[in-house]
Structure formats: structure tokens, C-alpha cells
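Colleague: Listed below are the residues making up each chain.
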Amino acid sequence: MTSSPGGRQGNGKPYLWAVSLLGLLVIWAVAAEISQSRGLPDPLAVVDALWREAGTGELFYHLGMTLLRVIAAFVVAMFIGSAIGIALGMSNRLNHFFDPWLILFLNIPALVVIVLAYIWFGLNEVAAVGAVAVNKIPNVVVTLREGARALDADLAEMARVYKFSKLKKLRHVVLPQLQPFVAAATRSGISLIWKIVLVVELLGRSNGVGFQIHLYFQLFDVATILAYTLAFVAIMLAVEFLFLQRFEKSITRWRGQRA
Amino acid sequence: MLDVCIDQKSFDTANGEVLKAIEGLQFQVPAGSFTCVVGPSGCGKTSTLRVILGLDTDYQGTVSIAGRGRVAAVFQEPRLLPWRTVEQNVLLCLPVEVGESQIQDLYQELGLQDLLQFYPTELSLGLARRVALARAFALEPELLILDEPFVSLDDDTAGRLRKLLMAVWCARPTTALMVTHNLREAVELADNVLLLSERPTRVVADVDISTPREERSDAVISNYVRQLDDLRHAPL
Chain A
1 MTSSPGGRQG NGKPYLWAVS LLGLLVIWAV AAEISQSRGL PDPLAVVDAL WREAGTGELF
61 YHLGMTLLRV IAAFVVAMFI GSAIGIALGM SNRLNHFFDP WLILFLNIPA LVVIVLAYIW
121 FGLNEVAAVG AVAVNKIPNV VVTLREGARA LDADLAEMAR VYKFSKLKKL RHVVLPQLQP
181 FVAAATRSGI SLIWKIVLVV ELLGRSNGVG FQIHLYFQLF DVATILAYTL AFVAIMLAVE
241 FLFLQRFEKS ITRWRGQRA
Chain B
260 MLDVCIDQKS FDTANGEVLK AIEGLQFQVP AGSFTCVVGP SGCGKTSTLR VILGLDTDYQ
320 GTVSIAGRGR VAAVFQEPRL LPWRTVEQNV LLCLPVEVGE SQIQDLYQEL GLQDLLQFYP
380 TELSLGLARR VALARAFALE PELLILDEPF VSLDDDTAGR LRKLLMAVWC ARPTTALMVT
440 HNLREAVELA DNVLLLSERP TRVVADVDIS TPREERSDAV ISNYVRQLDD LRHAPL
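Protein chains in written order, with my numbering: chain A, 1 to 259; chain B, 260 to 495.
Hints listed in this document are in silico derivations from the structure and should not be mistaken for laboratory results.
Here the structure is a predicted model, which is why all the values come from computation and not from measurement.
Where is the CB? At the ideal position from N, CA and C, for every residue including glycine.
Don't take every hint at face value.
DSBU-like, lysine-lysine: derived pairs with alpha carbons at most 35 Å apart [to be verified]:
hint, chain 1, residue 1, chain 2, residue 2
1, A, Lys163, B, Lys279
2, B, Lys279, A, Lys169
3, B, Lys422, A, Lys168
4, A, Lys166, B, Lys279
5, A, Lys13, A, Lys195
6, A, Lys163, B, Lys422
7, B, Lys422, A, Lys169
One-sided and incomplete, this derived list gives chain B residues near chain A with beta-carbon spacing under 7 Å [said to hold, decoys possible]:
hint, residue
8, Leu312
9, Leu314
10, Ala332
11, Arg338
12, Trp342
13, Leu351
14, Cys352
Among the chain B residues that face chain A by a calculated CB cut under 8 Å, a handful are [what the hints assert, rightly or not]:
hint, residue
15, Val330
16, Phe334
17, Glu336
18, Leu340
19, Arg343
Looking at chain A on its own, in the form it has when it is part of the complex:
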């Protein structure tokens, strides 16, 4: 579910990244030049479309709506998924009972969940965000369940002897151990969720990037479709690089080396 296999950190070679992306751009431009078709506009046409949409403010409005849905679905999925995952990881009995449900939900196509949510709950925001969250929850459950299974029993005993309250234990003993698992669920979560949000918008919302892509699909305006896509990919990458990586770095400071 990770979006770019093989080392996304750049590993200190940003110029290689730039060259690589530039190469892709050149191939695209050449292909567009050769094909001369409406189906494959050249990069400049996409920049034009981007500029036009930005000028009218449409771009920012729809990007904003999609981003809000991504955030809402992400928060809901992480909270509910973590709670269920931790519960299953800590109790063998619960886990045995709910494991088949989990396998079932993991294998239900996103599209089915979205369609059913719209049918059962109507074409509204709650159904949209809820459908996205339901698609993501099983992944969070599986990841956090692994984390809860790996919890250190020695530290739990220490907390018991020193009479930690439930809250203290959660904050200082349990959550720090789950942090790498939360980080893993977060990373795969963001990339999965924003893709599903576009489908939800395409099927039943009247704004957002998915809605716009649907609109320009009907107009056969590939340049504008690509403009929205690239703008949104840029935002999601920015979220990942600026926010998530910094966040992870700040809470893994303690992983030092034995002196």
C-alpha cells in the first residue's frame, strides 16, 4: 500500500530526483508532440489549465474540499482502527472471534463500500467520509494488532508494580511502543485514503477533485484532469515530506546508541 517502493527518502541525492523527473517530463512532451491528440496534451497545456483553474479560484476550492475529506476520513479511521486493533492484539479470544470479520472487510472492494454507503445513508458528507474510513479501518486494525501483540510484558509488569494509572500506562508505556505501528498505518493510510476519496467524490459529491475530474472527463478535457491530479499529488507529497517525516523524527529521538 506504500506509494513509492524503493526508498522514498531521497537518500541525500536530490539532484538524481530532479534529473529523473525531468526525464519523465521530456518523454511526456515528446510523446505528446508525436501523437498530436486531444487525449495526450503536452505539459504546457496542463500548466495553462492549472493557471486558468487557479485564476478562477476553482482549483483551491476543490483541492480544499478533498483535503478536508481526506483529513476527516483519516482521523476517524485511525481512531477507530487503533482502538479495535489494540483490543484484538491484547485479547486472544476477541481476536479469534473477529479475525474472520477482519479478513472479510479487508477483501471488500472500496467501490462496494462506497455504493452501499450512499444507498444506505444517502448522498451526504457523512456517508462519503464514513465510506472512506470503513475502507481504511481494516488496514489500521491489522497494523495496530501486530503492535499490540508485540507489547513488552516486562514493562507492563513494571507499570503494575509501580501502580501506574490506566492513563499513565497508556501514555508512557503503551503508546510509545505502538508509535512505529501508528506511523506505518499513517503512511499507508494517507496514500490509500486520498485515492478512495476521489472515487467517493466522483460517485456522489458536487465538489472536490474527484467531482472535477468527473466533470472534465465528460468534457474530454484531459489537460484539466491532469492539472487537478498533479496539484493534488503535489499536496499529498508535501504533507508526507514536510509533516509526517518531521513528526516521526521528533518522536524517535530517544533511539540512541549505547555509550
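Start from chain A and add chain B according to the hints.
Modeller: This is chain B only, laid out in the frame that chain A set:
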């Protein structure tokens, strides 16, 4: 004081048999005294400590701890929270009523004053054990349980740590029960030594170490160790 009376403690093994770990184990640790428990490995010492600490309630018998029942433990592994600094590790285990000023002396005595902002992963095992001792004594416990706190250290480090433990304990006397497999260590530290049998665990002998600690020279300690060794190997 601590009063232990475990009639029976057994485990179900993987192949369905019942393994008796402890049977008829009875002993007392007088208030304010330091008692060492010595027994063959695998005899159920750690099981006994787990029962006393309330980590294992599946046994027949009684364990009573006088007072408010405030118990601290130093485990075989330091069991510090790796994501908290030395200072946070100690403070987190304190009840609200213990003031921070008393802890400063404790840091000094254990030589931790310059290490408070370090993370446990940055410390050697010996230093991490000192932090575990600080954490236990900071609680001002009525009962202090120590489970082989000097195991897997080199002799010098273990010796220094034993002296530190004694200094801190003498300044803050509390009822202490320490498990070890090292008879010399037991004689050096304890007011009395309990010898345990093979599984199922019982007390074989309870020996007073009446010589004052400052007069326990190597010769005196060797003498006691010989005496204890004879008891340990005596036919039952």
C-alpha cells in the same frame, strides 16, 4: 514486615502436566531488615517474587505486607522506559506526595546527577541498574524487592553497585528481600539468609548473619559461605 505463606503454586505445562513450583513455602522478613534468598536456579525464586509483587495471583496461600503496602521492585533487567529520560523514568514512578527535593540526594548518592537528561539506551547496564535502584528508593517503599539486581555485571561493577546499594539502604532502611544465586553476595549484604530447596520450593535453612556489616571481612564472609554451603548440601 513481610509475611509469606504460599501453600501451593503450580503451573500447567505445555504437555498437560501440572508442575508444582512452590509447596509449603513459609518465611518472614522482619520490618527494616535485609533478607537474601538463595536457591538453585529454576527453583521458583522468581515465581515467589511475582506472587509477592502481586503480579501472579493464581496461588494458594497468603502474602501480607505491613503498612500502606507500598512496594518497589528492582528487576533482573533494569526495565526502564527507553523513550523517557533517566529523570522522567524516576519521576513517573513517584506518587504525588513524595517531594522532588529528597530525590536530589538520592541522585547524588547513586552518582546519577549528571545523567538525568540521558536516555536509557545511552547508558551501560551498570548505570541503568543504578537508575532502577534510584527509581525504587525514590518511592520510599515499605517493601523493596530485588531480583538478582547484579547479575551479568563484571565483578568490579557488581562490587561497586553492592556498596552503593548498602549505602543507600542504610540511609533509608526499609524491609528488603533480595533474590540471588551468589552466596558471598548474600552474606555481604543480608541480615539473614534463606536457603531454598529444589522445586517445589521450601525453606531449607534460615541463617542469621549476626556480624555487623562493617566487620564482614573477606575471611568472615568466607566462613559464613562455608557454613551455608554445608547446610545447602546437607541431606534433608
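Colleague: Do the numbers back the hint for Leu314 (chain B), that is, is its least Cβ distance to chain A under 7 Å?
Modeller: Nearest chain A Cβ about 5 Å off; hint holds.
Colleague: Does the closest beta carbon of chain A sit nearer than 8 Å to the beta carbon of Arg343 (chain B)?
Modeller: holds, 7 Å
Colleague: Is Lys13 (chain A) within 35 Å of Lys195 (chain A), Cα to Cα?
Modeller: Given that 35 Å is the threshold and the Cα spacing comes to 28 Å, the pair holds.
Colleague: Check whether the Cα positions of Lys279 (chain B) and Lys169 (chain A) lie no farther apart than 35 Å.
Modeller: holds, 33 Å
Colleague: Holds or violated: is the Cβ of Glu336 (chain B) closer than 8 Å to a Cβ in chain A?
Modeller: Check passed: Cβ of Glu336 (chain B) comes within 6 Å of chain A, closer than 8 Å.
Colleague: With 8 Å as the cut and Cβ atoms as the points, is Leu340 (chain B) at the interface with chain A?
Modeller: holds, 6 Å
Colleague: Taking 7 Å as the limit, does the beta-carbon of Arg338 (chain B) come near enough to a beta-carbon in chain A?
Modeller: holds, 4 Å
Colleague: Hint check: is the beta carbon of Cys352 (chain B) less than 7 Å from a beta carbon of chain A?
Modeller: holds, 4 Å
Colleague: Under 8 Å, Cβ to Cβ, is where Val330 (chain B) needs to be relative to chain A, so tell me if that hint holds or is violated.
Modeller: holds, 7 Å
Colleague: Check the hint pairing Lys422 (chain B) with Lys169 (chain A) against an upper bound of 35 Å on the C-alpha distance.
Modeller: At roughly 33 Å apart (the allowed maximum being 35 Å), Lys169 (chain A) and Lys422 (chain B) satisfy the hint.
Colleague: Compare the distance between the alpha carbons of Lys163 (chain A) and Lys279 (chain B) with 35 Å, and conclude whether the hinted pair is satisfied.
Modeller: holds, 29 Å
Colleague: Let me know if the C-beta of Phe334 (chain B) comes in closer than 8 Å to any C-beta of chain A, holds or violated.
Modeller: The hint holds - Phe334 (chain B) has a Cβ within 8 Å of chain A, the shortest such distance being about 7 Å.
Taken one by one, the earlier hints all hold for this structure without exception.
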